[in-house]
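Protein sequence lines correspond, in order, to chains A and B. In this text, residue positions in the first sequence follow this note's numbering: the first is 1, and each later residue adds one. In this text, residue positions in the second sequence follow this note's numbering: the first is 1001, and each later residue adds one.
Just so you know, the hints here were simulated from the structure itself, not pulled from any lab data. Note that beta-carbon positions come from the ideal geometry of N, C-alpha and C, so glycine has one too. It is possible that some hints are incorrect.
As the list claims (entries may be wrong) - Estimated spans, in silico, between C-beta atoms of each pair:
1) V111(A) to L1208(B): 54 to 64 angstroms
2) E77(A) to L1083(B): 30 to 40 angstroms
3) G44(A) to W1097(B): 42 to 52 angstroms
4) K1211(B) to A42(A): 57 to 67 angstroms
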Amino acid sequence: MPWVSRGLAIWCKDLRIEFRTRYAYSALLMFAFTTLVAVSFAVGGVVLDAGLAAALLWVILFFAAMAGLSRTFVQEEEAGTVTALKLAARPEPVFIGKYLFNVTLLFSLAVLVVPLFLVLIHQTVAYPFPFLAVVLLGVAGLAGASTIVAAIVARAGTRGPLMTVLAFPILLPLLLGAICGTRTCFAGERAVAADILFLFCYNGAALAVSLLLFPYVWDE
Amino acid sequence: MFWQILLGIWMTAVILASFLYMPATQGLGQTGRIIVYHVPAAWLAVLAYLMSMLNAVGYLRRGELRLDRQARINAELGTVFCLLATVTGAIWSRAAWGWYWNWDPRQTSIAVLLVIYAAYFVQRSAVSDQDRRARLSAVYSVLSFLTVPFLVFVVPRVYTSLHPDVINLEQGGFDMDRKMLVVFLAALAGFTGLYAWMYKLVTRLEALLDKMEEKRGEAESVG
């Protein structure tokens, strides 16, 4: 499997660079913390409805992801390493490496932010393990569809708001599914299996479509 | 010219028939007449967006700028009809349900469509290089189609829709009065003709503008 092993090599490279500067991760984390504090401050001591709490959690994760993940390819352009990367690997391994890196980044964000969210919002979880699955799949889906959008944005040569504008419509079904599943896990009123299956399907579809389309963005 | 006149007469007849010939529907009452305008607009939005996506796929395969232009024109026309469908739908929703907007699944999916194509146009305006713009917007156009199966199959599962369904799947066929069906189908045909005409007009206009650019360039290089 040369795709996977080369993808893993690119993933390691990105992790090493990230570990040296910690730029993307600190931006992501600070953004999520700021929004989280703002939300919990605005809510005060009120116990929220499960649906509302679920929606707030995903709004925080979505905007944090948009703030952090747009750097994925822009950073290569700024460092002037795009050409080297194009020479070193075919488009698919590059995509896999970047995708894995984004997933890692968002996982490590969720590990800190989600428990803190539960504590600050006073939310109890009725189904802990399905909740874990919903968060992991939702976060992986966020990273999956954002990776190719980040590539488009980097090619478009503009920074900032374009990422959110382009990613939002594509991520909307995922957000709907994740919010629905999270609400179910918070309130524990019905089975959550269908939501998990939906998130799983979205992840698979997003990954497949991105892998097919990525070469068109990458090769010019 | 002949076809335009025919289309004009046809559409006038459809508009008159929708108020004079067509009976008020059972259940929906007088508000049901909007079906003659709302449903064809929605149908054209879907048709034009689908054409736009197919043009985008064609561009990615063959790399002809002509296809990128067709994709853009189709997306523009689709957005016009999509806005018409949204507005007529909201007006009808106000009359039938009491709110202009209540995030009914149909309203959710049409709003997502509008957001996708708004993002598509934003992206087009952000890139100045012609080939790069064509390629990136084609990729985005295909990528956004990813949402369709999820919105079509999943959102209705989560929320139940109040939107009336014309096609009766259980009995097979249309749930409509005979007179109404005639007017409705005539409206569908008329609107589709209107779309074809608009498409032709915009394409011709763009070709003329291109030619003008070319001539101007030639004149400058000579002068």
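Going down the list of hints, with the structure as the test:
| no. | hint | verdict |
| --- | --- | --- |
| 1 | V111(A) to L1208(B): 54 to 64 angstroms | 59 angstroms, holds |
| 2 | E77(A) to L1083(B): 30 to 40 angstroms | 36 angstroms, holds |
| 3 | G44(A) to W1097(B): 42 to 52 angstroms | 34 angstroms, violated |
| 4 | K1211(B) to A42(A): 57 to 67 angstroms | 58 angstroms, holds |
In this structure, the one hint that does not hold is number 3.
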